[in-house]
Amino acid sequence: MINQLPIINMLIFLATALIIPLLSKRTFKITLIFGFIMLLCVVTSSFFLIFHIAEHGAILYQFGGHDSKIGIEFKVDLMAAIIGLFVVGLTTIIYIYSCGDETEGVEQKEYGRYYILLFIILFAILGIIYTNDLFNAYVFMEIISITTCSIISIKRKKETYAASFRYVMLNEIGSLSYLFGVALIYMVTGYTNIDWVSQSIQSIWQLYSINIIIALGFMIVGIGIKAAIFPFHIWLPDAHASAPSSSSAILSSIIVKVYIVVLIKLLFKVFKLDILNHFHVSTILVIVAATGMIMGSIFAIAQKDIKRMLGYSSISQIGYIVMGIAMFSSLGLASAMFHIISHGLMKAALFLSVGIVIYKKKIKKKNDFEGLAYEMPITMSVFTIAALGMIGIPLTSGFMSKLTLGMASLDHRQGYLIIIVVLSGLLNVIYYLPIIISSFLKSEPNTYHPFKIEKVPWPMLTSVILLGIGILTFGIFPNLIMNMITQAAELFGLI
Amino acid sequence: MKKHLLSLLFLIFFGILVYSIMEMPTMQNQDAPSYNEVTEYYIKNAVNDTGSVNFISAILADYRGFDTLGETIVLFTSVIAVASVLRTVKKKEGEDY
Amino acid sequence: MQIIQAFVDHINFIGAVALFLIGLHTVVTKKNLIKRIMGLNIMGTSIFLFLVAIGNVTGGVPPILQQDPNVNYINPIPSVLILTGIVVVVSMTVYSLSLTIKIYEMYGTINQDELTHLIREEEIHD
Amino acid sequence: MDDRIVKSITRLVIPFIQLYGIFIILHGHITPGGGFSGGTLIGTSLILYTLVFGLLPSKKKFSHRMSQIAESGGIVIYVGIGLIGLFLSGQFLTNLDAGFPIGEPGELFSAGMIPLLMITIGIKVASTMVSLFHLLIEGDLDADHPGIR
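Residue numbers (the numbering used here), protein chains in the order written: chain F, 1 to 495; chain C, 1 to 97; chain R, 1 to 126; chain L, 1 to 149.
Note that these hints are calculated values from the structure, not bench results. Check the hints yourself; a few may be wrong.
In the DSS-like style, the derived pairs of lysine-lysine whose C-alpha atoms are separated by at most 25 Å in a straight line are [what the hints assert, rightly or not]:
{"no.": "1", "chain 1": "C", "residue 1": "Lys-2", "chain 2": "R", "residue 2": "Lys-35"}
{"no.": "2", "chain 1": "R", "residue 1": "Lys-35", "chain 2": "C", "residue 2": "Lys-3"}
{"no.": "3", "chain 1": "R", "residue 1": "Lys-35", "chain 2": "F", "residue 2": "Lys-157"}
{"no.": "4", "chain 1": "F", "residue 1": "Lys-362", "chain 2": "F", "residue 2": "Lys-455"}
{"no.": "5", "chain 1": "C", "residue 1": "Lys-3", "chain 2": "R", "residue 2": "Lys-30"}
{"no.": "6", "chain 1": "C", "residue 1": "Lys-2", "chain 2": "R", "residue 2": "Lys-30"}
Here chain F stands alone, though its shape is the one from the complex (with noise of 0.2 Å):
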């Protein structure tokens, strides 16, 4: 029975995004009850599978019954059930927020909608991380980016349609290239089955080095495209600063960290170690994650737009992951996991703490958050907590990872890569730190309202808080996860 407990989370996703049209006629709060406890549900089912696995080794779950060579098949490992449970937890908070969003771009009528795509969303996400199969990836990687342009677009802003056209075309080209990247994979080994490639592969590579080569390079290029790998960011930051503040937070913390992870898989459990470190596979990357995590975190100095700002933030965070990959070692990609969680929380507690500014103050810019802390000062609490964690001041979930992420590299002998992540910390500072001193110190004398505390939806405020205990006792605790994580990452064979 619990081996089919991935497939049902996914057909739970599935009947829950068929069934809300249905529940159209009757109040709104039918549909996001019901939606709550769907997710409630997988949720629990995600803690069962983990443990489950943990225990007793990764799920194999063959379609139709057919032998893995000639069928589809899931593989439920560590890494990807970890994964999942943070998806869907993640979302579960999210989605809290989101019932408490009256306004905030989308309109009464496109709600049903909204969470029509939101549900789907989840169910490709869940087979993405799941499958084994290349093919299969990519027709859920279709699924993900048609989901993620129209949740952007479903706000009816003038902005907000040339932000997602320019987001549709990057992740097209991006899909084109990993399918032919599939196809030249195909056309050595014969196979899509990952197992089954990755066996062909390590016989055959030497043969047909230059078919590897390129089917490397256009898969890892379409996956940098979508998971907005530094020099194909171009895409984030306009369509983070248009798209509503839940969809931005489910962008930046969930949709590309799951092309990551697809990336980890296609590197470590596609290509292995022999063929990437002929390439020099991994120099490239670190160079890719160290500009990445650079030039990001100048970039977003340079804004005035806070979501614009958060957006170019996620980069050079994105640049950690990277860097964490591309060591290439179980320490670095267990650091890079970690990191995945933590600024997942972070940068959704970000996004959706400016969501609610924004929902109440209707201000964009940085420079209007003067003095808000005395007006909404939970908010802002989570905002400084979550931000703290983006520097890397301990106790937060932040620090640990960077602290994981110097390890690993002092461990793989490049101990110069942490003036890099010590120096991205610095930049980070030089953009949170005004905002936060400004919110909480600087008062003007008519916006200055000791005792006028805004009153925010408890939705919103819940989601919020909720996040921000997350990032603390991830601080503070990191074992919780650390150990499985770290279980996870060696199951991949690294050094």
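Got chain F; can you put chains C, R and L on it based on the hints?
Chains C, R and L only, in chain F's frame:
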């Protein structure tokens, strides 16, 4: 100037790709590495496994049926996405998603 | 002579690659949004051509069971992958076309340069 | 469009196109074709109807409500067939092991669930094509003449 440079870049890229195609296993017969035991399995056993004479249908709807489910969902999503962009607010009640 | 022979032998693949680059070039350089969407479609088609060429067997028959046991079937798997891919590209095209319609309604132009100009003007205006 | 010849030819041709589409869907497991090709044919016939007779009559024949039902229903049936496999045989989307009759290969009624899935896909593709076309036309009308509807 920039335009010409870009075109030149594409031409170089084309040259590289054409050169690499010459090195690829492009034989169009049954010796190609992609024509492996999986293909032979399909050709030999698809009729017994699924009862379908058309191998493509057999693979599409049975062996790789999950892909096809994903694809129908892509269609479903595209309708909702297009509707969310284009359908204007003035419409009758109950006609909406 | 040998080069021409090699070209003719690999014409499917070379054509596919050429189409891919033509499509990419269209997407990157053209300013008209509709032309960009067409470029994406060309890219998609090129990959389908590439997959068909991989699966092709010279003198083969379509993969439908024949009475004669000695026929050569072409490889059915790439065809299946293409069938899936076509639908995906179609839905992506439709979605981007709908965005184009909306952009035209909002800005009155589908030229990327003018669009960027208008957006920048609005940002300054804010 | 107000042209008598076009209209009468269209009236004459559409049933045949649809019949051909249905034929292709139903023979998906025997001959080349299947749900996608057949569905597209049926969709095209309805698009032709829209082009010749205009949007409003076409929407009367094929409303948004109907296309919604067809689209959601397509996925529901597909997943339902998959679930039958899950309950009877233990894996999602199982064909013969789940008890679907194999029939005589090469006959119309054979190949277990494949024809059912093909019909589902056909319905889905046809309705999607039409509703996408309608949506695009409506959006275009709005863009050209804001406030016409």
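Checked hints:
no., hint, result
1, C:Lys-2 <-> R:Lys-35, "holds (20 Å)"
2, R:Lys-35 <-> C:Lys-3, "holds (17 Å)"
3, R:Lys-35 <-> F:Lys-157, "holds (24 Å)"
4, F:Lys-362 <-> F:Lys-455, "holds (15 Å)"
5, C:Lys-3 <-> R:Lys-30, "holds (11 Å)"
6, C:Lys-2 <-> R:Lys-30, "holds (13 Å)"
Of the numbered hints given earlier, the model fails none.
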